[in-house]
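Colleague: One-letter residues, chain by chain:
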Amino acid sequence: MARPRLDSEARAGLSLIAPPFLYALVILAAPLMTILAYSFLTDGYLEVLPEGTLQNYGQVLTDPIVRAVMLRSLIVAAVVTFATVVTAFPIAYYVSFMVRPERKAMWLFLITIPFWTSYLIRVFLWKVILGYNGVVNSSLTGLGIIDEPLTFILYNVNAIVITLAHAYAPFAILPIFVALEKIDRSLLEAGRDLGESRLMTFWRVTLPLAMPGVIAATLIVFIPTIGDYVTPEVIGGGKIPMIANMIQVQMLALDNRPLGSALAVTAMVIVALVSALFLFLNRRFLKVRQ
Amino acid sequence: MNRQGWGLQAYAIFYLLFLYAPIILLPLFAFNSGTIIAFPLQGITTDWFAQMWADATLRRALTNSLMIAVSASILSTCFGIFAARASTRFGFPGKGGIMAFIMLPMVLPEIIVAMSLLVVLLGMGVQLSLLTVIAGHTLICMPYAIAVLSTAFSSLDRSLEEAAYDLGETKWGAFRLVTLPLVMPGIISALLISFTISLDEFIIAFFLAGNEPTLPTYIFSQLRFPRAIPVIMALGTVLVVLSIVLLALGEYFRRRGNARIGGKPTGGLL
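Just so you know, the sequences run in chain order A and B. Start counting the first sequence at 0; every next residue gets the next number (numbering that gives the first Met the number 0). Start counting the second sequence at 0; every next residue gets the next number (numbering that gives the first Met the number 0).
By construction, these hints were calculated from the structure, which means they are not laboratory data. Note that CB positions come from ideal geometry on N, CA and C, so glycine has one too. Mixed in with the good hints, there may be bad ones.
Examples of chain A residues lying across from chain B (beta carbon under 7 Å, computed) [said to hold, decoys possible]:
{"id": "1", "residue": "L13"}
{"id": "2", "residue": "P18"}
{"id": "3", "residue": "L27"}
{"id": "4", "residue": "L119"}
{"id": "5", "residue": "L124"}
{"id": "6", "residue": "A263"}
Listing some non-contacts, in silico: residues in chain A with all C-beta distances to chain B over 12 Å [what the hints assert, rightly or not]:
{"id": "7", "residue": "V65"}
{"id": "8", "residue": "R66"}
{"id": "9", "residue": "I74"}
{"id": "10", "residue": "I182"}
{"id": "11", "residue": "E195"}
{"id": "12", "residue": "L280"}
Full structure from sequences and hints, please.
Modeller: In C-alpha cells:
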C-alpha cells in the first residue's frame, strides 16, 4: 500500500486510539450507515424491500403531518434555546464577575446538581408544578390572585418549553461562564478609563468577547432539545409529538423502517445545518476579534 | 456592592430557586401521606419508602441498572484512557477527524443512536438484553469520560515520564508507576460521571433492554399510574441524595488530583 511511512509517535498514537475508534465504528457508524441505506429503500409488509427509492424523502418533505411535527420541533428547540441562553447569561456573568474567586467552584457545583438528578422525575415534576391543580395554579388561586387556573401552561407546547429550558440550563451557563472567565479584566478597565459608560463597556467589550461561549451554549442546548423524546411524551401525553417521537412511532409502532430512517436522516441533516451555521457565525466573530 | 450587583444577586437567587424547584418538591411529596401529588400537603409518612423497599420489580430494575452502570462506566473509562492518552500525548494522521467522530455521541440526539442500533440489532437477530444496553451506554458515556480524562492527561508533566525512562523503567512500567497514579483522580471522576449518566439514561435502555426493567424505564412505566406516583417520589428522593453524594465524591477527587499536579481548584465537573 502506498502509505506514507509513519514515525513511531504516529504509530503509538494510532494503536492507542484504535480500540475506542473501532468500538465507535461498530456501535455508531455501522448503525448510522444502515439507517442511511434504509432511508432509500422501499417498505414492504413486515420487511424492507431492496428496491431503491426517493419516495421516503418525498413523503418527509410533502406530508403535512410530518411537516407540522418538524416545524414544531424546530420552533420548540429555537424558543427553548433562546430562552435558556438569555436567562443563563446573567447567571454566568454574575458567577464570573461578582462572585469571589474561591466561591466560584461552589456556585458551579450548585448549578450543576439539579442536572444530575433523574431526568424523568424532573420532567414529571414540572407537569406537577404547571398542571391544572398544580403548584403554580393552586397557590395562585389560593392567594386569590387568579380565579381560574392558568391554562396557557397546561400540558402544551409552553409547558414543554419551560421543562426543557430547565433541563438544559447548566449546559448554557457553563460555556458562557468559561468564555467570560477568559476575558482579560484590564480590557474592561481600559474601556472605563477611556470614558465609556458601564453599559457601553459591556456592549462593546464584554459581550463580543463572550460571543464564542454564547454560540457554544446555543449549539449545546439546541441539538439535544430538537431530538428530545421524553418531555413531549410525559408533558404532552403523546398528543403533541416532536420529531423523536415520530421517528420512534414510524420505526416501531407502524413498522415503517424506511420512512423512520428517512425522518432520522432528515433530523440529522437539520441539526448539522444549524450547527454549521452557528460554527460559521462563531468563526466570523473570532475573525472580528483578531 | 453597587446597585447593579444587588440586582444580579437577586436574579441569581431567583434563578437557583427555579433550578431547584422540582428537587425541593420531591421530598415534600415523598413524605406526604396524601395519595395525590398536589397541594395542600396531608400528614407525614414514611409508607412510600417502605412500599418502595418491598417492590420486587423495582429491586430487579435497580439490580439491572447497577449492573449496566458499573459495566458501562468501566468500559467507557477504559476506552477513554486509550483515547485521552492518544490525543494528549501523541500526534497522528487523521487525529482531528477520529477524535471528532468518537466525541459525536455527545451531540447526536439519543433517539437516533437508540433507533439505529435497534434496527441493526433486530436485523441481525440479536436478542435484546442488558448486554445491548451496556453496548449503547458505553458508546454515549465514552465522550464524557474522554473529556474528563483529557484534562487529567493534558496537565501531566511529560518530563516525569522521561525521568522514569531514564531511571530504567520500561514504557509500561513508567505508565503504571508514574502516569497512572497521577491521573487516578481523573479516572475516578470519569468512572463516577459515566456511572451517573448510565444510571439515569432512559432512551437507550427503553428501546434496547427488551423486557428487562432498568430504573428509568421502571419510573417511566409507573408515571402512567397515579397510585404509583408517591412511591416514585420516594425513589426520586433517594436518587437525588445518592447522586449528590456521588458528585461530591467526584468533585473531591477531581480537586485532589488538581492540587496534586499543582493546579488551581477552579471549574466544575464539566
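Colleague: Could you run down the list of hints and mark each one as holding or not?
Modeller: To see whether the hints hold, each was checked on the structure:
Given the 7 Å rule on beta carbons, the hint for A:L13 holds: about 5 Å separates it from the nearest Cβ of chain B. Because the smallest distance between the Cβ of A:P18 and any Cβ of chain B comes to about 5 Å, under 7 Å, the interface hint for this residue holds. With 7 Å as the threshold, the beta carbon of A:L27 comes within range of chain B, its nearest partner Cβ sitting at about 6 Å, so the hint holds. The restraint placing A:L119 at the interface with chain B holds, with a minimum CB-CB distance near 5 Å, inside the 7 Å limit.
Taken as an interface hint, A:L124 checks out: its beta carbon lies about 4 Å from the nearest beta carbon of chain B, inside 7 Å. A cut of 7 Å between beta carbons decides the hint on A:A263: the least distance to chain B is about 5 Å, and the hint holds. Remark: the non-interface label on A:V65 is consistent with the geometry, its nearest Cβ contact in chain B lying 16 Å away (cut-off 12 Å). Every CB of chain B lies more than 12 Å from the CB of A:R66, the least distance being 19 Å, so the non-interface label holds.
A cut-off of 12 Å between C-beta atoms confirms that A:I74 is not in contact with chain B; the least separation is 17 Å. With a least CB separation of 15 Å from chain B, A:I182 remains clear of the 12 Å interface cut-off, as annotated. Every Cβ of chain B is farther than 12 Å from the Cβ of A:E195; the closest lies at roughly 15 Å, confirming the non-interface assignment. With a cut of 12 Å on Cβ distances, A:L280 stays outside the contact zone with chain B, its closest approach being about 17 Å.
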